[in-house]
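Start from the sequences and build out the full structure, keeping to the hints where you can.
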Amino acid sequence: NAGVTQTPKFQVLKTGQSMTLQCAQDMNHEYMSWYRQDPGMGLRLIHYSVGAGITDQGEVPNGYNVSRSTTEDFPLRLLSAAPSQTSVYFCASSRSFAYEQYFGPGTRLTVT
Amino acid sequence: AQTVTQSQPEMSVQEAETVTLSCTYDTSESDYYLFWYKQPPSRQMILVIRQEAYKQQNATENRFSVNFQKAAKSFSLKISDSQLGDAAMYFCAYRSAPSGANSKLTFGKGITLSVRP
Chain V
14 NAGVTQTPKF QVLKTGQSMT LQCAQDMNHE YMSWYRQDPG MGLRLIHYSV GAGITDQGEV
74 PNGYNVSRST TEDFPLRLLS AAPSQTSVYF CASSRSFAYE QYFGPGTRLT VT
Chain Y
7 AQTVTQSQPE MSVQEAETVT LSCTYDTSES DYYLFWYKQP PSRQMILVIR QEAYKQQNAT
67 ENRFSVNFQK AAKSFSLKIS DSQLGDAAMY FCAYRSAPSG ANSKLTFGKG ITLSVRP
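Just so you know, the protein sequences line up as chains V and Y, in that order.
In this text, residue positions in the first sequence follow my numbering: the first is 14, and each later residue adds one.
In this text, residue positions in the second sequence follow my numbering: the first is 7, and each later residue adds one.
What the hints contain is simulated information worked out from the structure, not anything from laboratory work.
None of these values were measured; they are calculated from a predicted model.
Careful: at least some of the hints might be erroneous.
Computed beta-carbon distance windows for the label pairs [as the list claims (entries may be wrong)]:
no., chain 1, residue 1, chain 2, residue 2, range
1, Y, 53, V, 82, 20 to 30 Å
2, V, 76, Y, 49, 21 to 31 Å
3, Y, 20, V, 53, 20 to 30 Å
4, Y, 90, V, 101, 22 to 32 Å
Selected chain V positions facing chain Y (in silico; Cβ < 8 Å) [unchecked claim]:
no., residue
5, 73
6, 76
7, 77
8, 114
Even glycine gets a Cβ: it sits at the ideal position worked out from N, Cα and C.
Structure follows, in structure tokens:
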């Protein structure tokens with residue numbers, strides 16, 4: 014049982030480049046979320062989804078896009094990378110709002 | 007909007023001793039869930055303990071227990087018999103209950119716990 018997987022684990026981008034962070038879960042969870050973690054800031058919600066075809070913005074959505082075409086996958090797209098997007102990104106999923114979220118291992122992104 | 011406050015950025019405990027990590031939150035809701043997550047140097051987020059607001063009984067998981075004071079909006083984590091492997095960053099988190107559209111977790115800024123041998 015793989016749980017929540019994220020790829021890549023590390024990525025370096027130049028300013029203005031675009032890329033997609035991949036997230037997949039094999040637990041048939043309805044809820045999936047993307048967070049970014051910055052020193053001294055805790056984890057902040059970027060976007061989330063309550064099911065296939067349904068997404069919504071979180072606390073810090075600017076510069077990011079998401080889509081949810083299947084229950085399993087929830088990719089995060091950086092449209093035009095900026096140094097302010099240097100962070101560690103976590104994907105998480107849960108069965109419903111009543112249950113804990115399971116986190117992927119994270120992606121460390123550096124934008125130069 | 008809900009907020010979660012962890013006012014102590016760092017704490018230290020002697021191995022085998024007990025330590026309490028503080029967390030307060032602000033909400034106007036009556037039904038919600040509270041969590042403590044542990045993040046060791048490996049970066050993996052690990053659930054430590056979960057508390058439903060409608061339950062008066064404090065949650066316990068082995069050496070970890072909480073002191074949930076709903077009226078005071080306080081949710082502290084007690085670690086008994088501290089071990090070297092408990093050294094990590096700990097995050098307190100809040101999750102709304104009533105609506106799927108509000109299923110997001112709100113995190114505190116975390117507290118770094120060190121364990122002295």
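- Task: Starting from the hint list further up, note which numbers the structure goes against and sort them upward.
- Result: 5, 6, 7
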